[in-house]
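*Asks:* From first to last, the protein sequence lines are chains A and B.
For the first sequence, the numbering used here gives the first residue as 1, with consecutive numbering after it.
For the second sequence, the numbering used here gives the first residue as 1001, with consecutive numbering after it.
Heads up, some of the hints might be wrong.
Claimed, not checked - Below, computed lysine to any residue pairings styled on SDA-like, alpha-carbon distance capped at 25 Å:
(1) B:1085 <-> A:70
(2) A:93 <-> A:147
(3) B:1100 <-> A:85
(4) B:1100 <-> A:229
No lab work stands behind these hints, which were simulated from the structure alone.
Bear in mind that the values here come from a model prediction, so they are computed numbers and not experimental data.
The lines below spell out each chain.
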Amino acid sequence: MLRKSIAAAALVALAVGAGSGVSAEDKPVGPWERKENHVKAPKDSPLDYLVSGYWFRTPKTRALQDDDFENPAFLWVEQGIEEWSKVDGKAGKSCASCHETAEKGMKGVSARYPVYSAKNKKMMAVTHQVNYCRENYMKAKKWKWESGKMLGMTAYIGLQSRGMPVNVSIDGPVRPFFEAGKDFYHERRGQFDLACVHCHQANFGQYIRADFLSQGHSNGFPTYRLKWQKLGSLHRRFRGCNNNIRAIPYKRGSPEYTNLELYLAWRGQGLKVESPSVRQ
Amino acid sequence: MSRPRVRVPRKIKKGDTVTIKTLIAHKMETGVRRNKKTGKLIPRKIINGFEAKIDGKTVFKASLHPAVSANPYISFAISPEKSGKIDFVWTEDGGKTFTKSAKFTVA
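Generate coordinates for the entire structure from the input sequences, incorporating the hints supplied.
*Replies:* Structure, rendered in structure tokens:
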């Protein structure tokens, strides 16, 4: 603190002495600040513009994502490809029995999920849907939310929407869930008494310890996080965020997190799906 | 699931140097972590060696140690003079090996 204020005092002295000194224009421009990387925010959005989490990462991390070979997430995608046509359960079916190829059947799915299921009377994320199919149509055992097979499958499904703009519906029966997600986003929680909005809306682009805060979009999930050294789900990321602000995290797949997933998807409406992405 | 992935160009121009890329899914258990419940050390299990051979002759070899990240990515350059087959071998602690091979033509 003392060192900082001394440095600041020195800067002021320099500015006075030299006449011009350090201006705001000399500050390096982050790639997320460049106009060409911005996407128009949806109507009623609290953000002036959208920018993918991709642009907050270092060039090295971005290069990993850009090359499908170097992107380690594809190790899981390959597993997803295998599982797609593997028969499992008492019904003797695989994903391919109903949906044929993932390229055809799953195109655009991740871009419009989570969706409202009238049958289940709840919001369904892609992960919920995979398990719903497994239990009801394949008569197979559920996969765990964070298991390799589930992550591989959701990453493979996400890949079919890569490059397509996020486009979730928030009207009709979805509205109350959307409002609940919005409330969650703005609600202070944990010992630090922070809400999502305080970091990801008011302070994106600022340092959080040694890292840059992003706008917190969900368009890259499931994502290979270098810190995790594996692929991880969006709800795992939520739990990490909640832990960091000393709040008690909810369960993966809980209604709270699914509503938040919906609200986040709407905040990122128009951003291109990047699954499976690579983050720090 | 320790499945390896390799990228070898199918056709190589004579005299050209090409980059070979390899990636293997592996947990790389360091041996210094403890089981949170029992407090016991989790035994080390890492990929400790990597070797690439062209038609039986070693062209690249590496020893890996516990500081290497999970899912190790190794790339190297070769400049082959004639067509052949390249074999990759990853060796895990305990002696288990994972292999993958690829053919290429030089013209």
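*Asks:* Now, for every hint given, state plainly whether the structure supports it.
*Replies:* Each hint, compared with the structure:
1. B:1085 <-> A:70: At roughly 22 Å apart (the allowed maximum being 25 Å), residue 70 (chain A) and residue 1085 (chain B) satisfy the hint.
2. A:93 <-> A:147: Judged against 25 Å, a Cα distance of about 21 Å means the pair holds.
3. B:1100 <-> A:85: holds (23 Å)
4. B:1100 <-> A:229: With Cα atoms ~23 Å apart, residue 1100 (chain B) and residue 229 (chain A) stay inside 25 Å; holds.
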